[in-house]
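Asks: Residues per chain, in single letters:
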Amino acid sequence: MTSADYLPILILILIAAPFAGIAILLPSVLGPKNPNRMKQEAIESGMIPFADARRRFPVQYYMVAVLFIIFDIEVIFLFPWAVSLNQLKIFGLIEMGVFLGILLIGYLYVWKKGAFEWE
Amino acid sequence: MAQQALFLIMAVFTLGMALGTVTSRNIFHSALFLVGSFAGVAVIYFLLEAEFVGVAQIIIYIGAIATLIIFAIMLSRSVTGQNGSPMNRQWAFAALGAALLFAALAWLFSRVDFGSTAQPVPEDAIALIGAGLVTEYVIPFEVASILLLVALVGAILIARERHS
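Chains A and B supply the protein sequences, listed in that same order.
Quick note: the first sequence, position 113, residue 113 per the working numbering, numbers continuous.
Quick note: the second sequence, position 78, residue 78 per the working numbering, numbers continuous.
Check each hint, because a few of them may be wrong.
Stated by the list, open to error - Far from chain A by the CB rule (all over 10 Å, computed), these chain B residues:
#: 1; residue: Leu8
#: 2; residue: Phe46
#: 3; residue: Met74
#: 4; residue: Trp91
#: 5; residue: Leu101
Stated by the list, open to error - With a cut-off of at most 20 Å between alpha-carbon atoms, the simulated EDC-like pairs for lysine to aspartate or glutamate come out as follows:
#: 6; chain 1: A; residue 1: Lys89; chain 2: B; residue 2: Glu142
#: 7; chain 1: A; residue 1: Lys89; chain 2: B; residue 2: Asp124
#: 8; chain 1: A; residue 1: Lys89; chain 2: B; residue 2: Glu49
Bear in mind the hints are in silico, worked out from the structure with no lab data behind them.
Backbone N, C-alpha and C define an ideal beta-carbon position, used for all residues, glycine too.
Could you put together the complete structure from these sequences and hints?
Replies: See below:
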């Protein structure tokens with residue numbers, strides 16, 4: 001692909017960004033304002049907040065992010081391999097099997113440790 | 001011509017975001033600036049017709065690393081009320097170190113011959129990358145999976161053992 005092929009994306013950005021900006025700006029200029037306490041909650045019709053949102057978060061969120069990043073990188077490796085699988089024949093399949101097998105050990109370890117369960 | 005203009009815009013955008021990252025007084029804002037900088041670099045990769053690297057930059061850096069950094073910040077300290085100045089006592093030494101590194105890299109780049117004519121990017125670049133992964137570069141490829149395994153086990157060990 002040459003950069004001319006990305007022109008539709010550029011046009012999309014040029015239309016979408018001002019649209020989003022207008023959608024945020026116009027109501028704040030034109031809309032009526034009579035705030036009360038309930039309306040100013042972060043999620044107006046949701047659960048009532050019980051603490052400040054900007055507090056320290058439990059380590060479990062970080063664990064989820066670490067798991068995500070590792071399987072994300074795995075997918076990035078799978079993609080070019082899948083595109084060229086037809087030429088690579090059985091050898092490519094075995095190599096990717098070794099790659100995935102090593103990661104499967106990690107996956108089973110994580111599963112056994114119970115990191116997928118939310119406490 | 002349009003490409004040149006787009007590159008200049010994206011270079012200024014990336015540098016601006018990077019500047020915001022190091023000068024922002026709130027570390028959470030620094031992380032968000034860093035995401036913008038990642039996005040600018042991704043666009044520059046696309047301008048170089050390195051589509052795979054660009055997509056990897058978006059999926060891994062913007063999708064995963066940025067999430068990890070933001071979680072790490074939310075994990076380690078309260079985000080509000082900690083708007084310390086990014087300048088501490090070592091800033092002069094850090095600036096000196098950065099300037100020296102820049103000078104060394106600039107000197108290196110001016111000396112090394114990168115080849116004056118660039119090869120055109122092949123149509124099936126992604127298929128070539130895939131073939132390379134399981135033929136010529138199979139050892140680094142398999143070592144990468146071991147690296148990921150170690151990262152996975154290490155993260156579980158550090159975060160969970162102390163937890164329970």
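Asks: Each hint should be assessed against the structure and marked as holding or not.
Replies: Going through the hints against the structure:
no.	hint	verdict
1	Leu8	holds, 14 Å
2	Phe46	violated, 7 Å
3	Met74	violated, 4 Å
4	Trp91	holds, 27 Å
5	Leu101	holds, 27 Å
6	Lys89/A <-> Glu142/B	holds, 18 Å
7	Lys89/A <-> Asp124/B	holds, 17 Å
8	Lys89/A <-> Glu49/B	violated, 28 Å
Hints 2, 3, 8, counting from the list given before, are not met by this structure.
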